[in-house]
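Since the structure of chain A is already known, use the hints to place chain B on it.
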Amino acid sequence: NAGVTQTPKFQVLKTGQSMTLQCAQDMNHEYMSWYRQDPGMGLRLIHYSVGAGITDQGEVPNGYNVSRSTTEDFPLRLLSAAPSQTSVYFCASSRRGGMDTGELFFGEGSRLTVL
Amino acid sequence: GIQVEQSPPDLILQEGANSTLRCNFSDSVNNLQWFHQNPWGQLINLFYIPSGTKQNGRLSATTVATERYSLLYISSSQTTDSGVYFCAVAPDSWGKLQFGAGTQVVVTP
Numbered sequence: 144n145a146g147v148t149q150t151p152k153f154q155v156l157k158t159g160q161s162m163t164l165q166c167a168q169d170m171n172h173e174y175m176s177w178y179r180q181d182p183g184m185g186l187r188l189i190h191y192s193v194g195a196g197i198t199d200q201g202e203v204p205n206g207y208n209v210s211r212s213t214t215e216d217f218p219l220r221l222l223s224a225a226p227s228q229t230s231v232y233f234c235a236s237s238r239r240g241g242m243d244t245g246e247l248f249f250g251e252g253s254r255l256t257v258l
Numbered sequence: 002g003i004q005v006e007q008s009p010p011d012l013i014l015q016e017g018a019n020s021t022l023r024c025n026f027s028d029s030v031n032n033l034q035w036f037h038q039n040p041w042g043q044l045i046n047l048f049y050i051p052s053g054t055k056q057n058g059r060l061s062a063t064t065v066a067t068e069r070y071s072l073l074y075i076s077s078s079q080t081t082d083s084g085v086y087f088c089a090v091a092p093d094s095w096g097k098l099q100f101g102a103g104t105q106v107v108v109t110p
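Protein chains in written order, with the working numbering: chain A, 144 to 258; chain B, 2 to 110.
Think of the hints as simulated: they come from the structure by calculation, not from any bench.
These numbers were taken from a predicted model, which means no experiment stands behind them.
Note that the Cβ used here is the ideal one computed from N, Cα and C, for glycine as well.
It cannot be assumed that every hint is accurate.
As the list claims (entries may be wrong) - Covered stretches of chain A, going by a simulated chain B footprint (3 or more residues, C-beta under 8 Å):
#1 173-184
#2 187-201
#3 244-258
What the hints assert, rightly or not - Only some residues are given here: those of chain B computed to face chain A with a beta carbon under 10 Å:
#4 F87
#5 A91
#6 F100
So here's chain A without its partners, still in its complex pose (with noise of 0.2 Å):
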């Protein structure tokens, strides 16, 4: 098993461009969510979903948007990249029932700077 795959590791942008962020897990995990983690401040939830076609937000989605179109990938979206996005970013998976409910796995992280 993969686990969590994120990509790109690193991405720079230009202010008001667009980017997608991937996130593919390998484990059937029903819930996918993305973080962000800015210096100090831990991590703080974005977006997350408990299965296909379901997302809602967390406690900075601003800016941000997300899908899931399918169990196994959860795309975060940039819409218009402002310099206060300029973070690492997380994605993580847990199971929602049965052995090792809840556990979370995280990927690798993706390094976000904004010009």
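Just chain B now, kept in the frame of chain A:
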């Protein structure tokens, strides 16, 4: 949402020392996890421990849910233990986790 406070914010240890990290939370939880973020930025799940005690090698954790705190013990610390330790909680057994600000641990040779 649930407030999560971790202490101390920073910890410097000599190799071989023991230490205790604390996580306080403001409401009842059914999901509590400890994570280690290594110096390369990878986040590794250490424990899923909404209550009780677990041990994994030199690390152990205890959660006293009724008193709303959890402790992470590091024994005989090694330089590879350096990094940031995060506590995260949620009211449900799975789903949205609220993270604390973390404890930065530096283990010196």
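Now the hints, each set against the structure:
1. 173-184: holds (count 5)
2. 187-201: holds (count 5)
3. 244-258: With 8 residues in contact (Cβ-Cβ under 8 Å with chain B), the coverage given for the segment 244-258 of chain A holds.
4. F87: holds (7 Å)
5. A91: At 8 Å from the nearest chain A Cβ, A91/B passes the 10 Å test, so the hint holds.
6. F100: With a closest approach of 4 Å, the F100/B hint holds.
In summary, the structure agrees with every hint in the numbered list given earlier.
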